[in-house]
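S.K.: As given, the protein sequences belong to chains A and B, one line each in that order.
Residue numbers in the first sequence follow the numbering used here, run continuously in steps of one, and reach 220 at the last position.
Residue numbers in the second sequence follow the numbering used here, run continuously in steps of one, and reach 1111 at the last position.
Please keep in mind that the hints were generated in silico from the structure rather than gathered at the bench.
What you were told as hints is all true, and nothing was included just to trick you.
Among the chain B residues that face chain A by a calculated CB cut under 8 Å, a handful are:
1. ASN1015
2. LEU1044
3. ALA1096
Here a beta-carbon is modelled for each residue, glycine too, at the ideal position from N, C-alpha and C.
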Amino acid sequence: MAETFVVPTKGIGKPDYSQEVALGQVRPGLTLKYGQTLKLLGITFSALWSPFAFVKPPLGIGLTAHFVDWETNLALPLTIPKGYLYTAIETRHSFTQDFTMMAYFEGFFVSYLATKAAGRADVFDEVAPLSTSIMDPLALSSHTYDVTIKNLGGAVMEGSVSIFAVVQKVGSEPFRKETKTVKCKFCDHEWDVPQETTSVNCPNCGQLNMYITLANFRGF
Amino acid sequence: MVTRDVNLRVTLLANQGRRISKPSPLTGRIVQLIPHFPGGCNQLVDMAVGHRDTWILPHQVDTFIALNDATPVFTIDEPIEKGEEIWLIGGNGDGANPHSISCAFTIIGVE
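Isolated chain B, as found in the complex (with noise of 0.2 Å):
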């Protein structure tokens, strides 16, 4: 068993939003996430991160969350397969300033 980390990270335009993915390297389980808002985005930014079919984080579909200067850990147990889209959704709802989040992904299996 391995671990290995995913980093997701995108810049936001004023009013864009954007979907970006990586491959897993993994085979094994997604075990931590951590979600990173910069000071600034003022709860209007929104991410939401998945793989594949499956949203992670809110665990419903189409949903968001929007923090401010936060950068929280979750601890999550999450089956993934090697070569699956990782993905991140972000939406940039301020209308005046570019905004750069990420969430970084931690995983434990083989290659």
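This is chain A alone, in the form it adopts within the complex (with noise of 0.2 Å):
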């Protein structure tokens, strides 16, 4: 018998994922489940210059910005669709000036998510009250979230912020969509673009604007 052979079709079975299942035991981390997909939210403040679209000029003293979504730029509050679930796992924020962080729900105060000295790294990996389950756990109206942060400092700010979140469909059908809207850092052309892109150039401006994409995420 050859080593190799050709196998007659009898059938059309089911993917395999025993190689998923062995991912997942051998490094422990996160896993998304069916109907779940990321949000990265944040906002970088350099006075290097970069493509990427969330990272933006130093902040001046006592002004307050919104976070973006590293996806698209677009800027905060986010829209967290009817059926959708809303939660943050993960927040990490670094600062060169004193700040303060607000996060806002259907347009109202809600909480300070962080009021702390210049200098500090944090990460946060229980921020799980930052749900829209503990407000509407069936998802049963569309909601707004917004976060802002502030320089409290004498100079302007850099720094870095970021929450990681999952949003996670009640029922059955996938959040993700084909298209994603994209902002220019430079003109604030709105146009869309397909889920995964990245880099692209904006057809107003021209210029080069870089994104990330969660769109095939599955699992660490």
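From the two separate chains plus the hints, produce the assembled complex.
M.R.: Here it is as structure tokens:
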């Protein structure tokens, strides 16, 4: 018998997920279930030039900025559609000036996410209370979620903050759509691109914009 | 007397058959077989295992087993010599999906 040979088709089975199961066993980490997708919200302030859209110039003294969606550069508030739950699972931040971050739900102030001195680098992985499930467990209506950051220091502020969140369908249809609307960092033009897009020239001003994509993420 | 395990694992593309083998690490007896069929095989993926010219599972020549999402344990008593070829033949009759099947042999004997 040859080492490799042809086998006639007897039917059509189902995909073999044994590799994915093994992956989860040897390197535990975040794994998304069906109907769950990730959101990465935050902002970076830096004097360094970068094509990444979520990298903004340093924040002036006393000024406030809204977080942006790292996949699109669209500023918050984020609208969580009816039928979906939003739950933050990790946040990290570090800035060169004192700062305060404020969260808003439905346009109303709900909590200070952090008010800290300059120079700290913090990571929190238990931010589940930042979930629409405690406001509307069945996702019976859409909601808006907003986070701002204010520079409380005496000089312009550099640094970065991010919030990882899971958006989950209450039902069966995945949240992810075929396209996303992105915003140009340089001229604010908005247009639709495929979900997987990470690098694209603005059709209005021609500048290169870079984003991230979480479209195909299934687990670490 | 010592115990050794030999694991034969093969990934079969759609409509692909393969024969893989490893040498026995011991002279003694094969006492246990644990074939594994992942979910999705849907009885479309054939497997047979043996050593040299002997078919062990199934014991009849040119016959195969095909299961789905199953890892049965078979107790056997088959003499084998060190260096003798232990083989697995797999045939994927699924016309669309690749599948990875395996069989673990437990051997008791001397080196």
